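Asks: Here is how the chains run, residue by residue.
2 protein chains.
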Amino acid sequence: MTGTKGAMTSARLAESMLELIQRNGYSGTGLNTVVEHSGAPKGSLYFHFPQGKEALGEKAVELAAARFGSLVADSALESGSASGSASASATPGEVVRRVIDTLAGMLTDSDFQLGCPVSVVTLEMGARSERLRDACANAFESWIGPVAEYLVAHGRPRPDARATATAVVSMVEGAVIVSRAQRSTEPLRCAARALAVLLDEGDKGDEGTEASA
Amino acid sequence: MTGTKGAMTSARLAESMLELIQRNGYSGTGLNTVVEHSGAPKGSLYFHFPQGKEALGEKAVELAAARFGSLVADSALESGSASGSASASATPGEVVRRVIDTLAGMLTDSDFQLGCPVSVVTLEMGARSERLRDACANAFESWIGPVAEYLVAHGRPRPDARATATAVVSMVEGAVIVSRAQRSTEPLRCAARALAVLLDEGDKGDEGTEASA
Numbered sequence: 021m022t023g024t025k026g027a028m029t030s031a032r033l034a035e036s037m038l039e040l041i042q043r044n045g046y047s048g049t050g051l052n053t054v055v056e057h058s059g060a061p062k063g064s065l066y067f068h069f070p071q072g073k074e075a076l077g078e079k080a081v082e083l084a085a086a087r088f089g090s091l092v093a094d095s096a097l098e099s100g101s102a103s104g105s106a107s108a109s110a111t112p113g114e115v116v117r118r119v120i121d122t123l124a125g126m127l128t129d130s131d132f133q134l135g136c137p138v139s140v141v142t143l144e145m146g147a148r149s150e151r152l153r154d155a156c157a158n159a160f161e162s163w164i165g166p167v168a169e170y171l172v173a174h175g176r177p178r179p180d181a182r183a184t185a186t187a188v189v190s191m192v193e194g195a196v197i198v199s200r201a202q203r204s205t206e207p208l209r210c211a212a213r214a215l216a217v218l219l220d221e222g223d224k225g226d227e228g229t230e231a232s233a
Numbered sequence: 021m022t023g024t025k026g027a028m029t030s031a032r033l034a035e036s037m038l039e040l041i042q043r044n045g046y047s048g049t050g051l052n053t054v055v056e057h058s059g060a061p062k063g064s065l066y067f068h069f070p071q072g073k074e075a076l077g078e079k080a081v082e083l084a085a086a087r088f089g090s091l092v093a094d095s096a097l098e099s100g101s102a103s104g105s106a107s108a109s110a111t112p113g114e115v116v117r118r119v120i121d122t123l124a125g126m127l128t129d130s131d132f133q134l135g136c137p138v139s140v141v142t143l144e145m146g147a148r149s150e151r152l153r154d155a156c157a158n159a160f161e162s163w164i165g166p167v168a169e170y171l172v173a174h175g176r177p178r179p180d181a182r183a184t185a186t187a188v189v190s191m192v193e194g195a196v197i198v199s200r201a202q203r204s205t206e207p208l209r210c211a212a213r214a215l216a217v218l219l220d221e222g223d224k225g226d227e228g229t230e231a232s233a
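From first to last, the protein sequence lines are chains F and C. The working numbering applies: residue 21 is where the first sequence begins, and numbers increase by one. The working numbering applies: residue 21 is where the second sequence begins, and numbers increase by one.
These are calculated hints, taken from the structure and not from any lab test. In this text, all values refer to a predicted model and were calculated from it rather than measured experimentally. Glycine included, each C-beta is placed from N, C-alpha and C at the ideal position. One thing to keep in mind: the hints can contain errors.
With the Cβ distance kept under 8 Å, some of the chain F side facing chain C (calculated, not the full set) [said to hold, decoys possible]: (1) G146; (2) F160; (3) A187.
Kindly produce the complete structure, drawing on both the sequences and the hints.
Replies: In structure tokens:
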């Protein structure tokens with residue numbers, strides 16, 4: 021049971037937890053609902069996650085971190101040369117716009133029902149679970165670090181790249197929330213536009229004054 | 021009981037709901053805890069909020085909207101002339117930095133235990149309560165609108181001002197969350213710095229390349 025089948029059950033439970041957190045938050049997600057949603061056998065939850073909901077939540081946050089990390093990396097690679105090096109074929113602002121376009125698509129596909137699981141777990145559990153808060157801090161760091169490295173590869177000095185990458189992640193997080201509340205991808209589009217100004221300072225003349233209506 | 025005393029009880033309940041949502045989210049806040057926290061008599065909750073938790077949550081979101089709106093307005097006024105007009109004594113980027121400094125102080129004062137109630141209610145309840153989602157959308161709009169007007173008063177064309185204001189609100193929301201997860205005001209400082217670049221394009225030369233370490 022700890023073999024392939026066990027690993028698949030464990031992954032399915034984490035997957036369901038992730039999706040339900042995105043929809044209803046952490047406190048609003050009951051473990052029975054997770055088991056039902058996953059289709060896993062009833063006893064499997066405490067077999068795979070003997071520490072219960074907190075451990076499952078941590079796994080879901082890690083899964084979200086990895087998934088969004090891949091999305092960002094793929095967008096950066098697609099924009100680079102075939103070898104994946106930091107070519108000049110797309111600017112950092114264009115890469116961010118591609119990531120935001122994907123997020124906007126996910127949001128509309130879900131009828132604005134899915135938010136970022138890392139944000140909501142931070143806000144609900146940051147004061148109550150060091151383990152979950154830590155998982156969320158690591159998730160944010162797993163996005164900020166590579167974005168900073170990418171900006172360094174595109175010529176930003178390191179401290180500036182780190183600060184800018186942190187701002188990029190904050191802006192995207194916030195824009196997902198405002199978009200979800202307003203049931204509109206407009207806040208995400210505003211974020212993409214502002215980040216293009218911030219990241220592509222050279223191309224700023226056009227972007228900075230362009231109307232978004 | 022619907023007089024001054026009743027209004028005070030109602031306000032106290034909404035105040036407690038707001039503080040508890042900021043700490044533990046909406047689903048994680050039980051109504052008994054709200055009544056206890058407020059010190060209000062047990063029966064008062066359903067007297068003042070006969071529609072229950074959703075109505076109380078809506079009131080808390082409205083309270084949060086008004087309070088943060090005042091904070092932003094005060095920061096803008098302090099930066100203006102004595103008459104409160106949009107004077108040139110502080111740039112929009114400096115005003116935003118003042119707001120963010122205040123938020124950073126609130127976050128450290130609470131030992132990073134308080135987040136934005138509007139974000140967390142959006143993420144937890146957006147899929148389950150149109151009434152709460154709508155309250156959150158209105159809260160965000162109540163911040164975006166005045167910031168846009170402020171930017172128009174400082175010379176931005178209207179569509180650009182609106183888009184920029186939306187990005188400002190998103191950035192601040194996201195930075196509060198990342199700061200809370202990382203137990204550090206650094207993400208808020210990165211947001212202030214990025215928004216200064218975005219808002220004070222003329223002063224950009226210095227700000228844009230300044231290290232934040």
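Asks: Each hint: holds or not?
Replies: Do the hints match the structure? See the list:
Interface hint at G146 of chain F: satisfied, since its Cβ lies 5 Å from the closest Cβ of chain C, which is below the 8 Å cut-off. Because the beta carbon of F160 of chain F sits about 5 Å from the nearest beta carbon in chain C, less than 8 Å, this interface hint is met. Interface restraint check: A187 of chain F against chain C, minimum CB-CB distance 4 Å, threshold 8 Å, status holds.
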